[in-house]
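**Q** This is what each chain is made of:
Number of protein chains: 2
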Amino acid sequence: MEVAKTIESIRRLVGTARSRGKKIGLVPTMGALHIGHISLIEAAVKECDFVVVSIFVNPTQFVPGEDLEKYPRPLEADLKICRNAGVDAVFAPTPEQIYPGENLTWVNVEKLTEPLCGQFRPGHFRGVTTVCAKLFNIVAPDIAFFGQKDAQQAIVIKRMAADLNMPLEIVICPTVREPDGLAVSSRNQYLTAEQRKDAAYVYKSLQKCRQMIDAGIADTRKIAVEMRKILQQASSIKIEYVSIVDAETLQNIDRIAGKVLAAVAVGIGPARLIDNILVDAGKQ
Amino acid sequence: MEVAKTIESIRRLVGTARSRGKKIGLVPTMGALHIGHISLIEAAVKECDFVVVSIFVNPTQFVPGEDLEKYPRPLEADLKICRNAGVDAVFAPTPEQIYPGENLTWVNVEKLTEPLCGQFRPGHFRGVTTVCAKLFNIVAPDIAFFGQKDAQQAIVIKRMAADLNMPLEIVICPTVREPDGLAVSSRNQYLTAEQRKDAAYVYKSLQKCRQMIDAGIADTRKIAVEMRKILQQASSIKIEYVSIVDAETLQNIDRIAGKVLAAVAVGIGPARLIDNILVDAGKQ
Chain A
1 MEVAKTIESI RRLVGTARSR GKKIGLVPTM GALHIGHISL IEAAVKECDF
51 VVVSIFVNPT QFVPGEDLEK YPRPLEADLK ICRNAGVDAV FAPTPEQIYP
101 GENLTWVNVE KLTEPLCGQF RPGHFRGVTT VCAKLFNIVA PDIAFFGQKD
151 AQQAIVIKRM AADLNMPLEI VICPTVREPD GLAVSSRNQY LTAEQRKDAA
201 YVYKSLQKCR QMIDAGIADT RKIAVEMRKI LQQASSIKIE YVSIVDAETL
251 QNIDRIAGKV LAAVAVGIGP ARLIDNILVD AGKQ
Chain B
285 MEVAKTIESI RRLVGTARSR GKKIGLVPTM GALHIGHISL IEAAVKECDF
335 VVVSIFVNPT QFVPGEDLEK YPRPLEADLK ICRNAGVDAV FAPTPEQIYP
385 GENLTWVNVE KLTEPLCGQF RPGHFRGVTT VCAKLFNIVA PDIAFFGQKD
435 AQQAIVIKRM AADLNMPLEI VICPTVREPD GLAVSSRNQY LTAEQRKDAA
485 YVYKSLQKCR QMIDAGIADT RKIAVEMRKI LQQASSIKIE YVSIVDAETL
535 QNIDRIAGKV LAAVAVGIGP ARLIDNILVD AGKQ
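These protein sequence lines are chains A and B, in that order.
All residue numbers for the first sequence refer to the working numbering, where the first residue is 1 and numbers rise by one.
All residue numbers for the second sequence refer to the working numbering, where the first residue is 285 and numbers rise by one.
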């Protein structure tokens, strides 16, 4: 496995692979790799001939007051995970490589970035789309892999790639969960043992949502009330939002129909955790 | 010469050329080709092995009230010019090809798009950068060619390509002028004979600027006053701006020093005309 620290060196590595006819896969990450990331890498290894993992804690997607400074950066452990997972090249640039001067150019996806996390993290998605556009231009992958755990991010990046005719495919992989249902996240490590137990209520609330939809309940307000009740059973949970939206437009819906995204964001101690489920309710 | 109407077909043509090791050049245009465009094509033919000219009147760079509807679209004449100039493929998509649905994703370059034309055409540069990002992603050229006549556009596109790590080179070619100095533009054809005569005063005002700088005059306010006097000699000219700015930042400067851009925008009858000169004044 090669480790490239510069744009020139990753371009050289990928260029060589491409000239040999290899299909290039990219898994963009902020490091602190866990089994969620590993599932993305496994999907990439399965689909592609040359897999690049980028590890870059992107400053422009952190909102002031967030955990940019203390975000974990265990590079050696990450490299080991990549090596074991069959990655061909890691791209681990410095912030100066990616943002050598003042960044004046931003890629922004309107509308889809406004609800859900967009309301609480202004500028976050603009940072995500801009750095992904940069990474896509640097690595030029045939496929880039993202996780369904960040549902809004997945939808926003897919839309960016389509709107700007980016010559790559975006593949979204299922959320990986702990045995108690908690979605795996680099930020879970911020939790105390007590908070970690409470965190399981996030997925419990989403399961409640699925059960109610399965039972034919179509009133989203009713469902959200029950989801909030479950979250409120965990004393350390501070609800940021509980939303039931159209899975394509991310707009709130009054009644369950078609493809629905139920999404939750909470604060638990120092961590901000998000999770979601997709439900195809058909016509109800 | 091939004429591609769809994204798929131009990608196929370019893909074949690239697989043969050819260097790809792109000249993005809105059609209504003239000797200015031909000079860009000639530069592309000289530098590249496979030259694509895109012809697309991009609706998103027209501000409400501008000439989108009446902008000339002489496709057959344009194709003949391309054929004669040695173009390998023309990409002439419909608006529906480029904007198949609501476009939510925008590429925006901050700061550089605010002064000069940015003040008078809000949203114009966002349309330009977005469509260029799309065209670059569709054609994937090694080099894209633009004209110095649109000086702010050239600087904005260069900055976009650099900030987003676009894997291509941007080449800026000199402004082509009529014998009386008027910069060649598709919009010159809107002028009556009388207005056409007046239009020569735009370049006269820029020549005055260069003469004053050469004579050691450093007070930009003084220079601008003289430039305006020349423009006011032409009765049909309505001055939009006369600006002397730093050629990199596009910020107004009080005193001439280093690389300077003198830029003029005027209305003449139904036409909005712009022109500029670059002067390297060194340290003064």
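Be a bit skeptical, because a hint or two may be false.
[Claimed, not checked] These stretches of chain B come out as covered by chain A in the derived footprint (C-beta under 8 Å, 3 or more residues): (1) 400 to 408; (2) 536 to 542.
[Said to hold, decoys possible] Simulated pairs of lysine to aspartate or glutamate, EDC-like, Cα-Cα distance not exceeding 16 Å: (3) B:442 x A:102; (4) A:23 x A:214; (5) A:111 x B:333; (6) A:22 x A:49; (7) B:522 x B:538; (8) B:395 x B:498; (9) A:46 x A:142; (10) A:259 x A:226; (11) A:158 x B:386; (12) A:5 x A:142; (13) B:395 x A:49; (14) A:158 x A:248.
No lab work stands behind these hints: they were computed from the structure.
Backbone N, C-alpha and C define an ideal beta-carbon position, used for all residues, glycine too.
**Q** Can you give the numbers of the hints that this structure goes against, from lowest to highest?
**A** 1, 2, 4, 5, 7, 8, 10, 12 and 13
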